[in-house]
Amino acid sequence: MGIFNCFLIYISVIRHIDFLTWYDKFNLIEYSTTFRKDTPMTSTTEKTIIELDNVCFNRQDKAILKNIQWTINQGQHWALLGLNGSGKSSIINILTGYHFPSSGQVKVLDQLFGVSSIPDLQRRIGIVSAWINQESPSHLTVLDTIISGKFASLGLYQKVTDSLIQEAEDLLDTFNFAAFRNRRMATLSQGERQTVLILRALMTQPELLILDEPTSGLDLFARESLLAMLDKLAKEKPEVTQLMVTHHTEEIIPLYQKICLLKDGEIFAKGDRPLMLDPDRLHDFYGQPVLLRPFKKGRILVMPK
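Going letter by letter, the sequence shown gives residues 1 to 305 in UniProt numbering.
Just so you know, the hints here were simulated from the structure itself, not pulled from any lab data.
Because the structure is a prediction, the values reported are computed rather than measured.
Honestly, I wouldn't trust all of these hints.
[Claimed, not checked] Calculated lysine-lysine pairs in the DSS-like style (CA-CA distance at most 27 Å, straight line):
1) 62 x 296
2) 235 x 47
3) 296 x 235
4) 150 x 107
5) 237 x 258
6) 66 x 263
7) 66 x 47
8) 232 x 297
9) 235 x 258
10) 270 x 150
11) 263 x 232
12) 66 x 258
13) 297 x 62
14) 296 x 237
15) 258 x 297
16) 107 x 159
Using the sequences provided together with the hints, build the complete structure.
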């Protein structure tokens, strides 16, 4: 009886394997993580910060974004690289809830667009962009401008508590900017204003910080100072995922170990920094002859040939 039972078990296992092989052949089920030891298991504890699933965005019958498939996980800092008109701003406007996709699914900080409250989500996202810089009242002091970030308001109209003042002053101290506490925004240089706006964005204790071309309009010294601040920010607040948007490769500091290349509204390539900054890939990405030069601290400068 024991031999007979073993025979039945053997036949059952063989039939089960044949069944799985047939299903695999026709792509009806996936069983690789259970039955194939050479396939790494995906962590179930990894938190997804951004998930764009086949996202398209049209404006007046013109396709601005086409089939965007992109996931950013917690602990990753990304750079979004593309020329002017590639669709970078449209992606940012979608991620921050100011535009809604024409099709596809958007999920940010576990909140599904179309189901979740966009205003609640926006309070969990810090953003630094040119329009915020332009619209920020110049008569406010640095301290008041930073505090206004707590209310996501351009200007400060709410009652300010001692705890809010202390929170803003802690940020000023952390990033060595306390000497500017009582300066009015109108008296600051462009680089100093950008620094204040980053601190303003941190007042909500965001889980995601979006930097939309943060070095735009800065001279080379102010640019390097700001990039150093972003590097320090990652060390001081590692829980904050950074997404920097740029069209200059030399601005992509080693902090950004993941890069997404956006071209004509489509993702040209995305992945690890060394692969995305490969000379052959960048030649194909720009579609015209370019020169690549090593820049400081592992960065790359791209110039027209």
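Tested hints:
no. : hint      : verdict
1   : 62 x 296  : violated, 40 Å
2   : 235 x 47  : holds, 19 Å
3   : 296 x 235 : holds, 20 Å
4   : 150 x 107 : holds, 23 Å
5   : 237 x 258 : holds, 18 Å
6   : 66 x 263  : holds, 10 Å
7   : 66 x 47   : holds, 26 Å
8   : 232 x 297 : holds, 15 Å
9   : 235 x 258 : holds, 17 Å
10  : 270 x 150 : violated, 33 Å
11  : 263 x 232 : violated, 30 Å
12  : 66 x 258  : holds, 21 Å
13  : 297 x 62  : violated, 40 Å
14  : 296 x 237 : holds, 24 Å
15  : 258 x 297 : holds, 16 Å
16  : 107 x 159 : violated, 33 Å
Going through the hint list in order, the structure does not satisfy hints 1, 10, 11, 13 and 16.
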